[in-house]
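*Asks:* Now for the letters of each chain:
Number of protein chains: 2
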Amino acid sequence: MRVVVIGGGFGGLAVAKGLRKAPVSVTLIDRRNHHLFQPLLYQVATAGLAPGDIAEPIRSILASQRNVEVMLGEAAKIDTTAQHVELTDGRKIPYDKLVVAAGATHGYFGHDEWAAHAPGIKTIGDALEMRRKLLLAFERAEWTTDAAERKRLMTFAIIGGGPTGVELAGSIREIASISMLKDFRHIDTTATRVLLVEAGDALLNGYPDHLRAKAKVQLEELGVEVRLGKAVTLVDERGLVIGDERIETTNVFWAAGVKAEPIGAALGAPMDRAGRVQVEPDLSVPGHPDVFVIGDLAAFEQDGKPLPGVAQVAMQAGDLVAANIWADMEKKPRGTFRYRDVGKMATIGVRRAVADIPGLEFSGFFAWLFWALIHLFVLVAFRNRVVVFAKWIMSYVTHDRGSRLLWQVEGWQVTKVANPPPGPT
Amino acid sequence: MRVVVIGGGFGGLAVAKGLRKAPVSVTLIDRRNHHLFQPLLYQVATAGLAPGDIAEPIRSILASQRNVEVMLGEAAKIDTTAQHVELTDGRKIPYDKLVVAAGATHGYFGHDEWAAHAPGIKTIGDALEMRRKLLLAFERAEWTTDAAERKRLMTFAIIGGGPTGVELAGSIREIASISMLKDFRHIDTTATRVLLVEAGDALLNGYPDHLRAKAKVQLEELGVEVRLGKAVTLVDERGLVIGDERIETTNVFWAAGVKAEPIGAALGAPMDRAGRVQVEPDLSVPGHPDVFVIGDLAAFEQDGKPLPGVAQVAMQAGDLVAANIWADMEKKPRGTFRYRDVGKMATIGVRRAVADIPGLEFSGFFAWLFWALIHLFVLVAFRNRVVVFAKWIMSYVTHDRGSRLLWQVEGWQVTKVANPPPGPT
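Keeping their order, the protein sequence lines are chains P and Z. Sequential numbering from 985 applies to the first sequence in my numbering. Sequential numbering from 985 applies to the second sequence in my numbering.
A few of these clues could be false.
Because identical chains cannot be distinguished in the list, a pair is counted as satisfied if it fits within a single copy or across any two copies.
What the hints assert, rightly or not - Straight-line Cα separation of at most 20 Å, SDA-like style, residue types lysine to any residue; simulated pairs:
1. K1243 to D1172
2. K1328 to P1254
3. K1166 to I1045
4. K1005 to N1051
5. K1001 to T1233
6. K1106 to Q1262
7. K1315 to V1334
8. K1076 to R1324
9. K1117 to A1175
10. K1076 to R1257
11. K1001 to D1167
12. K1315 to W1355
13. K1315 to D1167
14. K1214 to P1317
15. K1166 to Q1049
16. K1005 to I1045
17. K1117 to D1073
18. K1117 to R1016
The hints are simulated quantities; they were obtained by calculation from the structure and are not laboratory data.
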């Protein structure tokens, strides 16, 4: 039996690993060669970690599982009648069972024109581009002679108060006020303004109310301006508009919405507004029992609420799909999906966090320590655990951020600079 | 007094640090924001280290030296009459003393058309591009159905038998035959062919003869084909021609020649064939006592032989220039340059090396260990020492290479593939 899995994220890997001992041959297709530990991607964007620390070649992860082959390629079409996946380069990959775990990308709620001014982070490329934008803003601010320009360059606005937005805002305030403290001669980086904008009336939707309030307090202690209850109505090259107020900034980052990868639409199945495929209780697509959809691409309601787009949901779904493929082969009935909540956490800077574990809710330093240990433990590769642990310890002690590198500065220009100000003062 | 330094490499940094306590203001200009530890750049190209492991923001290195300011920018012209440097964005930076330490780039001996087919490594961008090419070759080889194409993809040719060529060839053989051993299902990576082509009659020009012979033996033990005594006469999209022989390969890498950065020509001083500026014994430019040139951009003969383009030469020259600027201020005579040879080393794979230290020549495992310790010791940042040490230990034990990441695969195509071969065998 030939099983094809589209996507090497948490869901796709769980399917492949769950079929480790099955008499099947698995083809895992991904358009990148690496699995990405997305929960730490914001640390790459804010120069705390390097790409290799949180990514691992899919081939390495599955190297010893001999019934899996890995294919670099992008799925373009799915033919459920002929039972094959067609890649963008024209190759056709036949399947007996298909698992679509292609994930999600940024969604701008119908304002795709904002994307150019407010990049989000879903891939390593996105994170490196955000890091580049962040670092160049300070380089420009150091040398501009225009005070208004300097203020725009030293203002950062993050749209979206979920975990990624909270983590980005806290990290940017810290890098500016602590890590970069002595790096510049003409600007005071501690004056960097960081706004976190959330349309809802509290941060971290889905967390208990007192932790949501706590997150706001902790961010404000770091110096982040938290703006709640007003939606962003415009994003352009000058900045953004919240309600009636215009914020002038060259640095807007998007952490507000996601939208499913378009390959889901190729199935012709019913979808929700964000493009997620509605799945049956056994995670198969209605009318196509041999096709499963899991992870951020799947819409699944439990107890009347949609499940969140987090790693745990995708992994548990991947486990169930592998079990259901086994069940089909053994002609046993399939199981149905039920998510067991193992808790969730968000960090706020280097020493603070909020944690919502079933039967346990806490915040502050111990939540941060707990967050750090859990994340180290679940990092895929042992090597990454060692390196990330070492970097975190050093960053905790020294506030150093080692990945402040710019290697694509072609076309870079300091704007509105006549001649530079005199030497160091 | 205003000192302008162009270039944040080993030479430029040595000048800035040497003026730490001088009553001057130093402006260090670089078109990238980081100092790069070039001797380990080949390890980034071959996925052993990450860019951040061997690069450090120039601002961080000089953060506590308050008389230095760092400017991101590219020097376009030097006006020795008006005494200013003009950047590509039009800014003019006045100087009382100027130090040009802009370094060198790849040189193709008049065959610039080879550059597109035989990339070299001088920057992080170059190293990441080489890594991308290397990894994609194996991804393509895994899925092509054309045996000749597969052979071309699994053949690597490195042109130039200096330290970089020797280190690249050894690393590529190791990554193919050991690190990637279990990663693929349809190809045998141990069959990867690696050629090292050198026009001279031995590798490692400048080393003692028996070490040059030893390097060849050690590379051949690793499975590298060493071709000596024949020059490359053609490089194109199909591969390269050595003498009368055509080698079919999609992977040609350049480690043969360097050429000085063009800013040296802006001085109007006499230059050698590679574009290096001929300097006076005090390292100033003839006729311009307030302008110094050091590092790979300077041509300096000692005992009738040109000095090599290595970090130690640049650093010692930077020290002397800082001292000569001091001497000028104190109206004392300037010193003249004399390079003290501290030795040189090259690694051949993970456990072998050759070392030529004054009064001491050795090779093999202990040379490798010595090489590793010295390189760790001279890495600029403490954090990098810890991380690189951890990675080397792990790589020594497990042969794992953690940085095998592809994040720019846009436009990637498997060529000449009809339908994929059947599943894992």
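*Asks:* Find the hints from earlier in the document that the structure breaks and name them by number, from lowest to highest.
*Replies:* Checked against the structure, the hints that fail are numbers 1, 2, 5, 6, 7, 8, 10, 12, 13, 14, while the rest are satisfied.
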